[in-house]
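Participant: The sequence shown begins at 23 in my numbering and counts up by one.
Don't read these hints as lab results, they were simulated from the structure.
Quick reminder that beta carbons are idealized off the backbone N, C-alpha and C, glycines included.
Wrong hints could be hidden among the right ones.
[Stated by the list, open to error] Restraint ranges, calculated between C-beta atoms of paired labels, are given here:
(1) 40 with 193: 24 to 30 Å
(2) 193 with 95: 26 to 32 Å
(3) 29 with 280: 39 to 45 Å
(4) 59 with 197: 17 to 23 Å
(5) 59 with 277: 37 to 43 Å
(6) 64 with 87: 28 to 34 Å
(7) 258 with 60: 17 to 23 Å
(8) 258 with 27: 20 to 26 Å
(9) 86 with 195: 32 to 38 Å
(10) 63 with 157: 38 to 44 Å
(11) 76 with 151: 23 to 29 Å
(12) 81 with 151: 33 to 39 Å
(13) 189 with 162: 16 to 22 Å
(14) 67 with 204: 33 to 39 Å
[Said to hold, decoys possible] Using 20 Å as the maximum straight-line C-alpha spacing, the simulated DMTMM-like pairs for lysine to aspartate or glutamate come out as follows:
(15) 255 with 230
(16) 255 with 277
(17) 189 with 230
(18) 189 with 100
(19) 189 with 277
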Amino acid sequence: MSQELLAATVAAVRHAGARMLTRYSTEPRLPGLPELLASLQANDAAVVDTLRPALTETLPSAGWLNDEHGSGPLATGEWWLIDPVGGNVNAVHGMPDWNIGVSLVRDGRPVLALVYFPVSDEMFTATEGGGAFLNGVRLRVSLKTSLDGALAGTGQAKPGHDPELAKRTGSAFAAMTNSALYVRVSVPVTHQLAQVAAGRMDVHWQFDNVRSHAAGVLLVQEAGGVVTDLEGKPWELASESYLAAAPGVHAAALEILTA
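Use the sequences and the hints to build the structure in full.
Facilitator: Take a look at the structure:
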């Protein structure tokens, strides 16, 4: 992966982050669902309108997908996968935990990833075989070897999702709470994956898998973490679930989640 491509992508994402910050307020006053949905859509559009021309110019041959809930395999070749505002619902409510996620997938595997937290100005980057970094400083996952000192987490099932999946998520939360030091359920998922890569969290799992999570997965992998599906097989873009964790606690977490 060329440094020129990485630098151009970082610049584009920073520009999109700056544009989102002009829309972001810590004092929202949304009176109801219609206004909330309109704000969500406007945020996504602001980021896509900034990123798409810049990234298309940087790599004209790559396809483009900004469906944050898209899943399944991709056709061969290169694809930009964009989550315009991960945690958009947080952003429109004035909370700081939201991000912009970009990954470049080549023949089904992520080769470049950026997850940018505009509010704290934290730029997480990774390239296949080149390591993971936070604002240019190399990342390593945590050295935890026991879940009793581990911080774990998962993402909330999205509204209207399969009620059986929501029930399974709740059961897993209860089981993990009995073993880990602390367990959180929050969005965006890529926020948690970036924290695992940085060693700030130790375990993250999902009972579903969408392609836009690929950026966070590559961050964890390149920071030395282990990412598998919940059968223990290596993670793939079309996997139906996954567990991303520090090597010292991955096996114990997998045992709990598959019990």
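Participant: Against this structure, judge whether each hint is valid.
Facilitator: Hints versus structure:
With their beta carbons about 42 Å apart, residue 40 and residue 193 fall outside the hinted range of 24 to 30 Å. Our hint of 26 to 32 Å for residue 193 and residue 95 holds, since their Cβ atoms are close to 29 Å apart. A hinted range of 39 to 45 Å holds for the C-beta pair residue 29 and residue 280, which are about 41 Å apart. Checked against the hint of 17 to 23 Å, the C-beta distance between residue 59 and residue 197 comes to roughly 35 Å, which is inconsistent with it.
Taking the beta carbon of each, residue 59 and residue 277 are about 41 Å apart, inside 37 to 43 Å as hinted. Here the CB-CB span from residue 64 to residue 87 is close to 20 Å, at odds with the stated 28 to 34 Å. Separated by about 36 Å at the C-beta atoms, residue 258 and residue 60 break the suggested range of 17 to 23 Å. In this structure the supplied range 20 to 26 Å holds for residue 258 paired with residue 27, their Cβ-Cβ distance being about 23 Å.
For the pair residue 86 and residue 195, the supplied restraint of 32 to 38 Å holds, since their beta-carbon distance comes to about 35 Å. Look at residue 63 against residue 157: about 30 Å separates their beta carbons, and that is not inside 38 to 44 Å. At about 25 Å, the beta-carbon gap between residue 76 and residue 151 stays in the expected band of 23 to 29 Å. At roughly 19 Å, the beta-carbon separation of residue 81 and residue 151 lies outside the given 33 to 39 Å, and the hint is violated.
The hinted range of 16 to 22 Å is not satisfied by residue 189 and residue 162, whose Cβ atoms lie roughly 36 Å apart. For residue 67 and residue 204, the Cβ-Cβ distance of about 36 Å falls inside the hinted range of 33 to 39 Å, so the restraint holds. Between the alpha carbons of residue 255 and residue 230 the distance comes to roughly 15 Å, so the proposed pair stays at or under 20 Å and holds. For the suggested pair residue 255 and residue 277, the alpha carbons sit about 13 Å apart, so the restraint of at most 20 Å is met.
A hinted pair counts as satisfied when its Cα atoms are at most 20 Å apart, and residue 189 with residue 230 qualifies at roughly 13 Å. Restraint check for residue 189 and residue 100: the C-alpha separation of about 36 Å exceeds 20 Å, so the hint is violated. The suggested pairing of residue 189 with residue 277 holds, with an alpha-carbon distance near 19 Å, which does not exceed 20 Å.
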